[in-house]
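If you use the numbering used here, the sequence shown corresponds to residues 497 to 895, in order.
No lab work stands behind these hints, which were simulated from the structure alone. We put the beta carbon where it would ideally sit given N, CA and C, even for glycine. Some hints here could point you the wrong way.
Using C-beta positions, here's what the derived DEER-type ranges look like [said to hold, decoys possible]: (1) GLN591 <-> ASP789: 46 to 56 angstroms; (2) GLN793 <-> ARG606: 17 to 27 angstroms; (3) ALA821 <-> LYS649: 41 to 51 angstroms.
Below, computed lysine-lysine pairings styled on DSS-like, alpha-carbon distance capped at 27 angstroms [stated by the list, open to error]: (4) LYS796 <-> LYS771; (5) LYS791 <-> LYS818; (6) LYS610 <-> LYS565; (7) LYS745 <-> LYS817; (8) LYS805 <-> LYS771; (9) LYS805 <-> LYS745; (10) LYS537 <-> LYS565; (11) LYS568 <-> LYS817; (12) LYS796 <-> LYS817; (13) LYS847 <-> LYS791; (14) LYS833 <-> LYS818; (15) LYS652 <-> LYS598; (16) LYS632 <-> LYS614; (17) LYS851 <-> LYS833; (18) LYS788 <-> LYS618; (19) LYS842 <-> LYS788; (20) LYS598 <-> LYS649; (21) LYS788 <-> LYS652; (22) LYS647 <-> LYS610; (23) LYS818 <-> LYS788; (24) LYS565 <-> LYS598; (25) LYS833 <-> LYS565; (26) LYS791 <-> LYS618; (27) LYS618 <-> LYS647; (28) LYS614 <-> LYS667; (29) LYS598 <-> LYS788; (30) LYS842 <-> LYS824; (31) LYS618 <-> LYS632; (32) LYS610 <-> LYS818.
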Amino acid sequence: MKNLYTFSRFPLSFILFLSLTACGSHSLLSQDDEDTVMNEKQIRHLVPSHVRQRDSWAQDINGIMDTLKIEKSRENVCSVVAIVDQESNFVANPQVPGLGDKAIREVHHRLEEKFTDKLGDKLGGAVAVYFQDVLKNQPTPENSYLKQMKKVKTEKDLDILYRQIFDYMTKHYHVSAITGVAKFVGQDIGERMNPITTLGSMQVQVSYAQEHERNNMNIYQLRDDLYTQYGGLYYGIHRLMLYPTEYSKPIYRFADYNSGMYSSRNAAFQQILEKLTGIDLSLDGDLLLYSKDGKPQATKSQSEIALTKLFNESGIVITPKKLRADLKEEKDQSFEKTQTYLAVQKLYTEKTGKKAPYAIMPEVIISGPKLSKDYNTNWYATRVNTRYDACMRRAKNLH
497 MKNLYTFSRF
507 PLSFILFLSL
517 TACGSHSLLS
527 QDDEDTVMNE
537 KQIRHLVPSH
547 VRQRDSWAQD
557 INGIMDTLKI
567 EKSRENVCSV
577 VAIVDQESNF
587 VANPQVPGLG
597 DKAIREVHHR
607 LEEKFTDKLG
617 DKLGGAVAVY
627 FQDVLKNQPT
637 PENSYLKQMK
647 KVKTEKDLDI
657 LYRQIFDYMT
667 KHYHVSAITG
677 VAKFVGQDIG
687 ERMNPITTLG
697 SMQVQVSYAQ
707 EHERNNMNIY
717 QLRDDLYTQY
727 GGLYYGIHRL
737 MLYPTEYSKP
747 IYRFADYNSG
757 MYSSRNAAFQ
767 QILEKLTGID
777 LSLDGDLLLY
787 SKDGKPQATK
797 SQSEIALTKL
807 FNESGIVITP
817 KKLRADLKEE
827 KDQSFEKTQT
837 YLAVQKLYTE
847 KTGKKAPYAI
857 MPEVIISGPK
867 LSKDYNTNWY
877 ATRVNTRYDA
887 CMRRAKNLH
């Protein structure tokens, strides 16, 4: 089970319970509409009527899509509109009901676990104890960080508070006294330990924004940029649109936005593999096992084991090294050209006489401390798709 919404992520769409296919320069419209390119005025009418400052949101969407060279087709624009509305209801930094109390509960219940995950058992436990002391007594007992945490209203409020806490710790706590070698390193340790990792109006991972930074800025400046209307849109549109797929329906791209690029394609690959081998697989879109920092683990996944079995039984020669190299491309379109992908497609067609399905809905459970119950990627993608359909109806009424 993928735990997508842990303490390290505050999904605004879930907290608030707010109720492509090709990308880049390619149009998502039917043949009849392929010459239609939206202008700023038309985009304004596609933004839901409940949104304040529709003009400025439309202006930014229009400008960003131009900057990123994404064609402003109805489907492309409505895909962006649907995700923004689902994630934040078109509020750059919305208030989150009960956020302070929820953050405090996480500190009390999962603090040491988070520190040990990041710093190891020995160091993590020691730093967690110090962190608790700082929370209760700094900068003063009367106005402690813990009391300030209870009062936060927005994700940015909580983010900035964590920055202040870790800045204090880097100046006053010397880890080297415990380990002899380890040291706190300014923003580095603060960034490693900051539980707010997904932020802005489109809830983009900070690590993704770092990889695609639009300006030269430090990590705090980048975080602040994500909380702005333009910055949140820029990185979200980049994340949503700037990777090519052959999806027949936009709902699969919406699913990818929730569970990871190419998850829908990879889940279909897993389903094909399951049918060919009879091995039960998690259809979660991850063909390898990954550590918490997103790096592939050496341990073989069930998908990798099933592939090895399939190739051995089918007389297909793909070495373990080559198989692992192919699977490492699963987050890219290039995976579709690998020997592994093509061999599985061919075997499926030979066995069934049918073309293998390209995409299915990933079976990913969405769980987290702030959710009243578990959800799944299908729930998320379906809600986004409902907003997308409403936007497309508005688009048909444009003249």
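Verification of the supplied hints:
1. For the pair GLN591 and ASP789, the beta carbons lie near 31 angstroms from each other, so the given range of 46 to 56 angstroms is not met.
2. Checked against the hint of 17 to 27 angstroms, the pair GLN793 and ARG606 passes, with Cβ atoms roughly 23 angstroms apart.
3. Taking the beta carbon of each, ALA821 and LYS649 are about 48 angstroms apart, inside 41 to 51 angstroms as hinted.
4. Proximity of LYS796 to LYS771 is assessed by CA-CA distance (about 20 angstroms); at most 27 angstroms being required, the pair is judged to hold.
5. Among the hinted pairs, LYS791 with LYS818 is consistent with the structure: their alpha-carbon atoms are about 18 angstroms apart, no more than 27 angstroms.
6. For a cut-off of 27 angstroms, the pair hint linking LYS610 to LYS565 is broken: about 40 angstroms separates their Cα positions.
7. Restraint check for LYS745 and LYS817: the C-alpha separation of about 34 angstroms exceeds 27 angstroms, so the hint is violated.
8. The straight-line distance between the Cα atoms of LYS805 and LYS771 is roughly 13 angstroms, inside the 27 angstroms bound, and the hint therefore holds.
9. Simply put, LYS805 and LYS745 have alpha-carbon atoms about 32 angstroms apart, too far for the 27 angstroms limit, and the pair is violated.
10. Of the pairs offered as hints, the one joining LYS537 and LYS565 holds, with about 19 angstroms between alpha carbons and a cut-off of 27 angstroms not exceeded.
11. This hinted pair does not check out: LYS568 and LYS817 have alpha carbons roughly 42 angstroms apart, beyond 27 angstroms.
12. A hinted pair counts as satisfied when its Cα atoms are at most 27 angstroms apart, and LYS796 with LYS817 qualifies at roughly 12 angstroms.
13. Of the pairs offered as hints, the one joining LYS847 and LYS791 is violated, with about 34 angstroms between alpha carbons and a cut-off of 27 angstroms exceeded.
14. Using a Cα cut-off of 27 angstroms, the hinted pair LYS833 and LYS818 holds, with the two alpha carbons roughly 13 angstroms apart.
15. Using a Cα cut-off of 27 angstroms, the hinted pair LYS652 and LYS598 holds, with the two alpha carbons roughly 15 angstroms apart.
16. For the proposed pair LYS632 and LYS614, the alpha carbon gap of about 22 angstroms is at most 27 angstroms, so the pair holds.
17. A hinted pair counts as satisfied when its Cα atoms are at most 27 angstroms apart, and LYS851 with LYS833 qualifies at roughly 16 angstroms.
18. For the suggested pair LYS788 and LYS618, the alpha carbons sit about 19 angstroms apart, so the restraint of at most 27 angstroms is met.
19. Taking the CA atoms of LYS842 and LYS788, the gap is near 34 angstroms; set against the 27 angstroms cutoff, the hint is violated.
20. Taking the CA atoms of LYS598 and LYS649, the gap is about 11 angstroms. The hint holds against a cut of 27 angstroms.
21. Our distance criterion of 27 angstroms between C-alpha atoms is met by LYS788 and LYS652, whose separation comes to about 23 angstroms.
22. Taken as a hint, the LYS647 and LYS610 pair is honoured in the structure, with Cα atoms around 23 angstroms apart against an allowance of 27 angstroms.
23. Distance hint between LYS818 and LYS788 is fulfilled; the C-alpha atoms sit about 25 angstroms from each other, no more than 27 angstroms.
24. Between LYS565 and LYS598, the direct Cα distance comes to roughly 40 angstroms. Violation of the 27 angstroms bound is thereby established for this hinted pair.
25. This hinted pair checks out: LYS833 and LYS565 have alpha carbons roughly 26 angstroms apart, not beyond 27 angstroms.
26. Proposed proximity of LYS791 and LYS618 is supported: the alpha carbons are some 23 angstroms apart, at most 27 angstroms.
27. Restraint check: the Cα-Cα separation between LYS618 and LYS647 comes to about 32 angstroms, which exceeds 27 angstroms; the hinted pair is violated.
28. Using a Cα cut-off of 27 angstroms, the hinted pair LYS614 and LYS667 holds, with the two alpha carbons roughly 20 angstroms apart.
29. At roughly 22 angstroms between alpha-carbon atoms, LYS598 and LYS788 fall within 27 angstroms of each other, so this suggested pair holds.
30. A hinted pair counts as satisfied when its Cα atoms are at most 27 angstroms apart, and LYS842 with LYS824 qualifies at roughly 21 angstroms.
31. Our distance criterion of 27 angstroms between C-alpha atoms is met by LYS618 and LYS632, whose separation comes to about 22 angstroms.
32. This hinted pair does not check out: LYS610 and LYS818 have alpha carbons roughly 35 angstroms apart, beyond 27 angstroms.
Checked against the numbered hints given earlier, the structure breaks hints 1, 6, 7, 9, 11, 13, 19, 24, 27 and 32 and satisfies all the rest.
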